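Note that the protein sequences, when read in sequence, are chains A and B.
Numbering-wise, the working numbering puts 375 at position 375 of the first sequence, and it's gapless, one number per residue.
Numbering-wise, the working numbering puts 201 at position 201 of the second sequence, and it's gapless, one number per residue.
It should be emphasised that the hints constitute simulated quantities derived from the structure, not laboratory data.
Treat the hints with caution; some may be incorrect.
What the hints assert, rightly or not - Going by beta-carbon spacing under 10 Å, a handful of chain B positions derived as facing chain A:
{"no.": "1", "residue": "38"}
{"no.": "2", "residue": "69"}
{"no.": "3", "residue": "225"}
{"no.": "4", "residue": "230"}
{"no.": "5", "residue": "232"}
Claimed, not checked - Derived lysine to any residue pairs resembling SDA-like cross-links, with alpha carbons at most 20 Å apart:
{"no.": "6", "chain 1": "A", "residue 1": "348", "chain 2": "B", "residue 2": "221"}
{"no.": "7", "chain 1": "B", "residue 1": "50", "chain 2": "A", "residue 2": "284"}
{"no.": "8", "chain 1": "A", "residue 1": "225", "chain 2": "B", "residue 2": "48"}
{"no.": "9", "chain 1": "A", "residue 1": "200", "chain 2": "A", "residue 2": "300"}
{"no.": "10", "chain 1": "B", "residue 1": "186", "chain 2": "B", "residue 2": "172"}
{"no.": "11", "chain 1": "B", "residue 1": "42", "chain 2": "A", "residue 2": "314"}
What the hints assert, rightly or not - Derived coverage of chain B by chain A (criterion: at least 3 residues anywhere in the stretch with Cβ under 8 Å from a Cβ of chain A; other residues may be distant):
{"no.": "12", "stretch": "55 to 66"}
{"no.": "13", "stretch": "192 to 202"}
Here the structure is a predicted model, which means the values were calculated and not measured.
Even for Gly, the Cβ is constructed at its ideal location relative to N, Cα and C.
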Amino acid sequence: MKTNETGKTTRREFVKQSSLIAGGLMAAPMISNAGYFSSVDDTIKIAVVGCGGRGTGAALQALLSKQNVKLVAMADAFRDRLDECYKALTSDDNEEGNVKAKVAVTDANKFVGFDAYLKAIPLADVVILTTPPGFRPIHFAEAIKQGKHVFMEKPVATDPAGVKKVLETAAIAKQKKLNVVVGLQRHYQNSYRELYKRVKDGMIGEITSGQVWWNNDGVWVNPRKTGQTEMEYQMRNWYYFNWLCGDHINEQHIHNIDVMNWFKGSYPVKAQGMGGRQVRTGKEFGEIYDHHYVEFEYADGSIMNSQCRHIKGTYAKVDEMLVGTKGVVKCGDAVISSKGTSLYQFDKKTENNPYQTEHDELFAAIAKGEYKFADADNGANSTMTALLGRMATYSGQVIEFDKALNSGINIMPAKFAWDANPPILPDANGFYPIATPGVTKYFS
Amino acid sequence: MGSNYAETGRDEDEGPQKVVELSAFWMGAYEVTFEEWDAFFKNMDVPQTKAIAVDAVSRPTAQYIDLTWGMGRDGNQPTNSMSQAATIMYCKWLYNQTGVFYRLPTEAEWEYACRAGTSTAYPFGNDPAALKEFGFFKDNSGGKFHRVGQLKANAWGLYDMLGNLSEWTLDQYDPGQYQKLADNAKNPLTAPGPRYPRVVRGGSYADEAKDSRCANRVSSLADWNKRDPQIPKSRWWLTDGMTVGFRLVRPHQQPSKEEIEKFFAQYLK
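Produce the complete structure using the sequences and hints provided.
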């Protein structure tokens, strides 16, 4: 693991570099004709909407994407989160690289509040949507309406009405040929891509079942502060409220559920399962469950068993295993085997950073004026799959995909304002109503 | 310390060989295990913080995913995937608990202990064929770490110095360090600078035999946290440093309280 000290360019590399330059020259006229960019030069302008840890990460990766990019606008509900993000992006000691020179956000282009996105989006060519997922359908619709390319984080909604809206917006994005990448980054990870290729080529035959896991300790809590409105409290603790987060089966476990959908090439038609709050019962944990176990069924009868748990001190596992008629894929190990014999082992030394790759590929396409990415449909359908799981565990009933998707169920607030009431409120003791299997009903 | 020019698999940064003088110390016979780590990590009396507390003892945040990557979490398995700063906080916690100062070894101490009096590529000679009796490396690990102390110890009773998990040391990585060292230098240590690169030693379950030689030096990389999607990235955990763990030393001569405080402040800032 030593630094490579050869400074010489070999002939082969030289040829490669030369042809790259030629390619660049040929691509140039196409860019100017495409009229993609709002600026006279070819700088790709970026706005980030949602400046938390992930938004900061995504913005950094976009700025590291090797294209001629500039961050021109930032938006967040909270001033402090926006300031922290700005500070991190303009810091001189980012481990992954210094992007300070690519941050061109004037104070006038830092927008705070629920409507901040409306002001940031017009200033950019590409919009990064990284707020809590409840807002995604609204932000995505606005970005596409304004003709922007989009990188958006998963999940893309927290209720069926939101999923529906994202699907409708995705159709418009396709008509307008706007690139959309969704942060289901396993699609951009070398090992998964290699496994997928082999599964598509039939190495494990037909997929008949899958096991997917996201079991771990759970996430942070931000204690209630005096003077906070209920809206602000929930926004600061968005993970624990369904209108913002969609429960952890949606917010994290979607990654694993999505892998099965992806490899299977379809989405479940129905689900049933069980779940509850066994350990994480305090009022600081809002309304979400601490465990879900869901049996998803696909049209051909194959099953995905999905388990996710947020309980400290329990067995941790984040992985996927797909079982086919001729073999098994273990995604974490990146191995395909049959009856204990290895058929394929991905070389982990060639693993990439998928969070960087998703931006590298998106911005390369945009710079070349190419239309290559339409991830929103899958993002929406995998989000719907996770929500199907939540509806199944909350109600204890069998929930059908199409029925749920078309139900119009909408759990978002009627009004976004700091003094407005969120859709779920605590009782006199500060506890929130919790879904109860057998009692909670979505369909009569 | 360092390797002979003729040693197979040798890298430039392992030379020139230098004789150094070390103060007496005890070293843990095993890599720190999950049982020992959890006494700290799951100690609910210690506040959990996202940033590493400089003035107090704090505890790592929950792991976002399973950072053993399915290799297991038995009490006797070696604890892995933590940053160097997290190991220093472990030492600080232990000092608060016991009043005894433990720390990571310096590179020089680590190599001295690993060699156990030998000057060959491995503590058992120059032929890597016997490595499988002493350490879990690529050829005998099955791609994962194993419970500590399963194989033969070196002559001084230290287990898993080579292979299993590579081990954090205190030193900043400097490829030219040995050239700068005076002969008979006393307790050499390259002082901490930027968070990367620092030195890990001993090779791991994933490495070839040549990377598990006594003298081999590995520099830590920002890449060891590449899959952390958040900025700032975790100060506690490594998303792609699953091969890294640590073991402790206890200096025979305990430093003064002021020196101990200075040490922690220097490594936790």
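Status of each hint after checking the structure:
1. 38: 9 Å, holds
2. 69: 6 Å, holds
3. 225: Holds, about 7 Å.
4. 230: 3 Å, holds
5. 232: 6 Å, holds
6. A:348 x B:221: 17 Å, holds
7. B:50 x A:284: The hint holds at about 18 Å.
8. A:225 x B:48: Holds: residue 225 (chain A) and residue 48 (chain B) sit about 19 Å apart, inside 20 Å.
9. A:200 x A:300: 17 Å, holds
10. B:186 x B:172: 17 Å, holds
11. B:42 x A:314: Cα-Cα ~12 Å, so holds.
12. 55 to 66: holds (count 6)
13. 192 to 202: Held - the stretch 192 to 202 of chain B has 3 residues with a Cβ nearer than 8 Å to chain A, which meets the minimum of three.
Consistency with the previously given hints is maintained throughout, with no hint failing.
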